[in-house]
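Build out the structure end to end from the sequences listed, making use of the hints.
In order, the protein sequence lines correspond to chains A and B.
Residues 1 to 379 in the numbering used here are what the first sequence spells out, letter by letter.
Residues 1001 to 1258 in the numbering used here are what the second sequence spells out, letter by letter.
Please keep in mind that the hints were generated in silico from the structure rather than gathered at the bench.
Fair warning: this is a prediction, and the values are worked out from it, not measured in the lab.
Treat each hint with caution, since some may be false.
[Unchecked claim] Only some residues are given here: those of chain A computed to face chain B with a beta carbon under 8 Å:
#1 Glu8
#2 Glu18
#3 Phe19
#4 Leu48
#5 Met53
#6 Pro56
#7 Ala62
#8 Gly63
#9 Leu143
[Said to hold, decoys possible] Examples of chain A residues lying across from chain B (beta carbon under 10 Å, computed):
#10 Thr6
#11 Leu11
#12 Ala15
#13 Tyr69
#14 Glu345
[Claimed, not checked] Covered stretches of chain B, going by a simulated chain A footprint (3 or more residues, C-beta under 8 Å):
#15 1069-1079
#16 1187-1198
Think of the CB as a built atom: it goes at the ideal place given N, C-alpha and C, for glycine as much as any other residue.
Residue-level listing of the chains:
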Amino acid sequence: MDFELTDEQQLIRDAVREFAEAEVTPIAAELDRDHRFPSELLPKMAELNLMGMPYPEKMGGAGADELSYIIAVEEVSRACASTGCILSAHSSLATWPVYKFGTAAQHEQYLHDMASGRRLGAFALTEPAAGTDAGAGTCTAVLKGDEYVLNGSKIFITNAPFAEIYIVFAKTDPTQGTRGMSAFIVEKDTPGFTVGEAEHKLGIRGSSTPPLYFNDCHIPADALLGAEGSGFKVAMATLDGGRIGIAAQALGIAQAALDASVAYAKERVQFGKPIATLQAIQWMIADMATEIDAARLLVYRAASCMDNDRPYGTEGAMAKLFASEMATRVCGKAIQIHGGYGYTESYPVERNYRDAKITEIYEGTSEVQRMVIARAALR
Amino acid sequence: MKIVVAYKWTSDPEEAAVRADGTVDWSRAKPGLSAYDPVAIELARHLADAAGAELIGVTAGGKGVAVPIASKAALSRGLDRVVIVEDESLAEAGRSELAAVLAEVIRQIGDVDLVVTGDSSVDVAAKMVPTVLAGELGWPAVAEVTAVSGQAGALHVERAIPGGVQVLEVSGPAVLAASADAAVPRVPGMKEVLAAAKKPVELLELAALKVPPGNAVMTVTGRSRPERKARKGQFIDTTDPAAAAAELVTALRGAGAL
Chain A
1 MDFELTDEQQ
11 LIRDAVREFA
21 EAEVTPIAAE
31 LDRDHRFPSE
41 LLPKMAELNL
51 MGMPYPEKMG
61 GAGADELSYI
71 IAVEEVSRAC
81 ASTGCILSAH
91 SSLATWPVYK
101 FGTAAQHEQY
111 LHDMASGRRL
121 GAFALTEPAA
131 GTDAGAGTCT
141 AVLKGDEYVL
151 NGSKIFITNA
161 PFAEIYIVFA
171 KTDPTQGTRG
181 MSAFIVEKDT
191 PGFTVGEAEH
201 KLGIRGSSTP
211 PLYFNDCHIP
221 ADALLGAEGS
231 GFKVAMATLD
241 GGRIGIAAQA
251 LGIAQAALDA
261 SVAYAKERVQ
271 FGKPIATLQA
281 IQWMIADMAT
291 EIDAARLLVY
301 RAASCMDNDR
311 PYGTEGAMAK
321 LFASEMATRV
331 CGKAIQIHGG
341 YGYTESYPVE
351 RNYRDAKITE
361 IYEGTSEVQR
371 MVIARAALR
Chain B
1001 MKIVVAYKWT
1011 SDPEEAAVRA
1021 DGTVDWSRAK
1031 PGLSAYDPVA
1041 IELARHLADA
1051 AGAELIGVTA
1061 GGKGVAVPIA
1071 SKAALSRGLD
1081 RVVIVEDESL
1091 AEAGRSELAA
1101 VLAEVIRQIG
1111 DVDLVVTGDS
1121 SVDVAAKMVP
1131 TVLAGELGWP
1141 AVAEVTAVSG
1151 QAGALHVERA
1161 IPGGVQVLEV
1171 SGPAVLAASA
1181 DAAVPRVPGM
1191 KEVLAAAKKP
1201 VELLELAALK
1211 VPPGNAVMTV
1221 TGRSRPERKA
1231 RKGQFIDTTD
1241 PAAAAAELVT
1251 ALRGAGAL
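In structure tokens form, the structure reads like this:
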């Protein structure tokens, strides 16, 4: 096995870290405190070709491999989990299904703008009564002439209302369950499509997640993404890859917490010496570093499977399950190392802790990941 | 028209350790582009774009300077191509020997109008190569450069000096050492990183270069480590700032520091 990153992967990691430390880290606490979406970062990320890294250059992307993209999500998330979430939702959840299932005309109309970062994307699957049970959605799309008419609502939609292109899932045949679900590309400002008030969240507060409302929203018939009735497959295939992005986000958050803990442990003096000299602290640092490394191996392995056209559903689920729960554990230890200061906004670890929790929940809860993994193990 | 940037692939001193005998252990330090060289590349890239010149990176050193990641790192910052001399004998070479090699490479490239370097190397920080290189080439050297405009051959160069800015008109070829704030280096985009592998890399053999003996020869005659003075641990109450300032001045005078 070769555990070395390629030259390009190392240089991409260094470049994204340089960008993130210069542009993202300085505003991360403020984005969190003010629940502010970092609109000013998106053109800068687009200029560095971060918004469509794994897509071909001729389609507006950077032509990088999946692992390089995952490393980029990790590095951005290390600086700011909200910005990592925005990047991952745009690239993995919104752009990927257009790339994978879109027609040539849809590629022409949307993919270039999305992969180049000119237009931000969002993925609208979850509904108020259909979270983990995504197939239970009640949003409908009825074909009338050469248009579909959308009705219903979505909830927790990352990147709305800033996104311009939405991948929306709706039932074209409610009698067929998941096989009656279809995917559509819906543009912002389409009449009948409105965005509600953003949620106030525990963490990733710089990422916007409002509900969407469709009220007799007419979209052209060629807005259908993939075949009619294939929407659930489109959603599940998209989430298989998206989970690796969330795992990378968790990895970045945990690394940030470890970095802060190491720095603090060397500076903080108690009993006349830095607390880093105390075994109680050393053991926590050792466990954190080991868990992060184990997660990194799982995450990079899953991305590598994707790069090599090998199945990655189970590998991605394992990576997300372990990395997300690891991030919560590591960030908890980071607060413990910081003591009372760690519980305040004076240090970043309380933000890391709040940001980490969502990675256990969105794009498939830990329980869903365990279902996926168990299904493969018991096959 | 050609502009050369002399860059260095070296190790990050923050990851180096100082041994008890005062020598430096670089074995665990991560190699990378010397910290100030991206500034030189950025400054030179602007000048090259303005003049339609080719921008060539040049480096010389011991084993490791020709590894692909080193040239890719430099090329991704905006160079058009690189020319590299890698030879084990250069690993411990002094600044004068390195400058002589770089000068010969620049002569062989030919028609070079300008050489730009970083302010200093991040590992040694001697700030000598630009000046010795200029001496080898017979060109003027301008250090502490904060801004450059105009074209190679008729440059308007600003340099920071104590109390102000010195403005120089530089004609003919020259070596400029860019200060750390002469330009804001761009972060390489993903496409630039991926395209770096497709740019030309030329490897030159040191023996084939036939580098003439350098004009300046420097040798290390000794090595010492400054003694660490014990701290006095004297605290001054700053409740009354004026009294505190007076007490500080008295203390410094008493210690012979003023």
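For each hint, the structure was consulted:
Interface hint status for glutamate 8 of chain A: upheld, as the beta-carbon distance to the closest one in chain B is roughly 6 Å, under 8 Å. At a threshold of 8 Å, the smallest CB-CB gap from glutamate 18 of chain A to chain B is about 5 Å, leaving the interface hint in force. For the restraint placing phenylalanine 19 of chain A at the interface with chain B, the shortest Cβ-Cβ distance is roughly 5 Å, inside the 8 Å limit, so the hint holds. The interface hint given for leucine 48 of chain A holds, since its Cβ lies 4 Å from the closest Cβ of chain B, which is under the 8 Å cut-off.
The closest approach between the C-beta of methionine 53 of chain A and any C-beta of chain B is roughly 6 Å, which is under the 8 Å cut-off, so the hint is satisfied. Contact between proline 56 of chain A and chain B, as hinted, is not supported at the beta carbon level, the nearest pair being about 12 Å apart and thus beyond 8 Å. Interface restraint check: alanine 62 of chain A against chain B, minimum CB-CB distance 4 Å, threshold 8 Å, status holds. A distance limit of 8 Å between C-beta atoms decides the matter here; for glycine 63 of chain A the minimum to chain B is near 6 Å, and the interface restraint holds.
With its C-beta approaching chain B no nearer than about 40 Å, leucine 143 of chain A sits outside the 8 Å limit, and its interface hint is violated. For threonine 6 of chain A, the interface hint holds, the least distance from its beta-carbon to any beta-carbon of chain B being 9 Å, beneath 10 Å. A least Cβ separation of about 5 Å between leucine 11 of chain A and chain B falls short of the 10 Å threshold, and the interface hint therefore holds. Here the hint on alanine 15 of chain A is kept, as its CB sits about 5 Å from the closest CB of chain B, short of 10 Å.
With 10 Å as the threshold, the beta carbon of tyrosine 69 of chain A comes within range of chain B, its nearest partner Cβ sitting at about 9 Å, so the hint holds. Checking glutamate 345 of chain A against chain B: minimum C-beta separation of about 28 Å lies over 10 Å; hint violated. Remark: the stretch 1069-1079 of chain B is confirmed as covered by chain A, as 4 of its residues place a Cβ nearer than 8 Å to a Cβ of that chain, reaching the required three. Only when three residues or more bring their CB closer than 8 Å to a CB of chain A does the claim for the stretch 1187-1198 of chain B stand; here the count is 9, and the claim holds.
Comparing the model with each earlier hint shows violations of hints 6, 9, 14; every other hint is respected.
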